[in-house]
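Visitor: Under my numbering, think of the first position of the sequence shown as 41, with each following residue one higher.
For the record, the hints were derived by calculation from the structure and aren't laboratory data.
Be aware that a few hints might be false.
Okay, derived cross-link-like pairs now, DSS-like style, lysine-lysine, Cα gap no bigger than 27 Å in a straight line [as the list claims (entries may be wrong)]:
1) K104 x K74
2) K117 x K50
3) K66 x K104
4) K119 x K71
5) K102 x K119
6) K102 x K74
7) K102 x K117
8) K74 x K117
9) K50 x K61
10) K74 x K112
11) K104 x K119
Beta-carbon label-pair distances, calculated as ranges [stated by the list, open to error]:
12) H126 x Y53: 31 to 41 Å
13) Q133 x G87: 20 to 30 Å
14) T118 x F45: 11 to 21 Å
15) E113 x G60: 39 to 49 Å
16) D107 x K61: 37 to 47 Å
17) K58 x M99: 32 to 42 Å
18) L115 x K61: 29 to 39 Å
19) E85 x G105: 35 to 45 Å
20) N63 x D107: 15 to 25 Å
21) K61 x T111: 32 to 42 Å
22) D59 x E82: 30 to 40 Å
23) D59 x Y106: 38 to 48 Å
24) K104 x N63: 34 to 44 Å
The beta carbon of each residue, even a glycine, is placed where N, CA and C say it ideally should be.
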Amino acid sequence: MKIDFEDKIKGVYGWTIKDGKVNPPKHNLPKSVKERADYFWEMTEHGLTFLGALDYIFMDEKPKGYDTFATKEWLEKTKEFNEWFHNSPNMAQAEIAIYLLYGNNK
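Start from the sequences, fold in the hints, and give me the full structure.
Guide: The structure is reproduced here in structure tokens:
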């Protein structure tokens, strides 16, 4: 899988202004990254916090007590997700935070 660091930069810093309105960046996330983010984000509708969702997205293993409060089964990380994340962890976290808060502006 080719990982483009420039895509992450655009996904964090690619804000635009059109007709006086601020528009969030567009995200070019690999399929498995988007699926994992969306999967855990859905649990915020049932009480999971924003930071809780971020933690779950980036955790390597299911945390102790997960099954007590979770509304979905644990989703293991894929190889594709790990490659994308480890290419630039800080930018990956920033891009996912923006993606969760503002959606995929495509």
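Visitor: Each hint needs a verdict: does it hold in this structure or not?
Guide: Structure-based check of all given hints:
Straight-line distance between C-alpha atoms of K104 and K74 comes to about 24 Å, which keeps the hinted pair within the 27 Å bound. Under the criterion of a C-alpha separation no larger than 27 Å, the hint pairing K117 with K50 is consistent with the structure, at around 24 Å. With a C-alpha separation of about 35 Å, the suggested pair K66 and K104 falls outside the 27 Å cut-off, and the hint is violated. Under the criterion of a C-alpha separation no larger than 27 Å, the hint pairing K119 with K71 is consistent with the structure, at around 12 Å.
At roughly 16 Å between alpha-carbon atoms, K102 and K119 fall within 27 Å of each other, so this suggested pair holds. Between K102 and K74 the alpha-carbon distance is near 19 Å, which keeps this suggested pair within the 27 Å criterion. A hinted pair counts as satisfied when its Cα atoms are at most 27 Å apart, and K102 with K117 qualifies at roughly 10 Å. Restraint check for K74 and K117: satisfied, since their Cα atoms lie roughly 12 Å apart, inside the 27 Å limit.
Our distance criterion of 27 Å between C-alpha atoms is met by K50 and K61, whose separation comes to about 18 Å. Straight-line distance between C-alpha atoms of K74 and K112 comes to about 17 Å, which keeps the hinted pair within the 27 Å bound. Distance check on the hinted pair: K104 and K119 sit about 23 Å apart at the alpha-carbon level, within 27 Å; holds. In this structure, H126 and Y53 break the distance hint of 31 to 41 Å, their C-beta atoms being roughly 21 Å apart.
Checked against the given bound of 20 to 30 Å, the beta carbons of Q133 and G87, roughly 22 Å apart, stay inside it. At about 20 Å, the beta-carbon gap between T118 and F45 stays in the expected band of 11 to 21 Å. At about 45 Å, the CB distance of E113 to G60 agrees with the hint of 39 to 49 Å. Separated by about 43 Å at the C-beta atoms, D107 and K61 satisfy the suggested range of 37 to 47 Å.
In this structure, K58 and M99 meet the distance hint of 32 to 42 Å, their C-beta atoms being roughly 37 Å apart. Roughly 35 Å separates the CB atoms of L115 and K61, a value that falls within the hinted 29 to 39 Å. About 20 Å separates the C-beta atoms of E85 and G105, a value inconsistent with the hinted range of 35 to 45 Å. One distance hint, 15 to 25 Å for the beta-carbon pair N63 and D107, is violated here, with the actual separation near 39 Å.
A hinted range of 32 to 42 Å holds for the C-beta pair K61 and T111, which are about 35 Å apart. With their beta carbons about 32 Å apart, D59 and E82 fall inside the hinted range of 30 to 40 Å. Between D59 and Y106 the C-beta distance comes to about 44 Å, which sits within the given range of 38 to 48 Å. Checked against the hint of 34 to 44 Å, the C-beta distance between K104 and N63 comes to roughly 40 Å, which is consistent with it.
When held up to the earlier numbered hints, the structure conflicts with 3, 12, 19 and 20 and fits the remainder.
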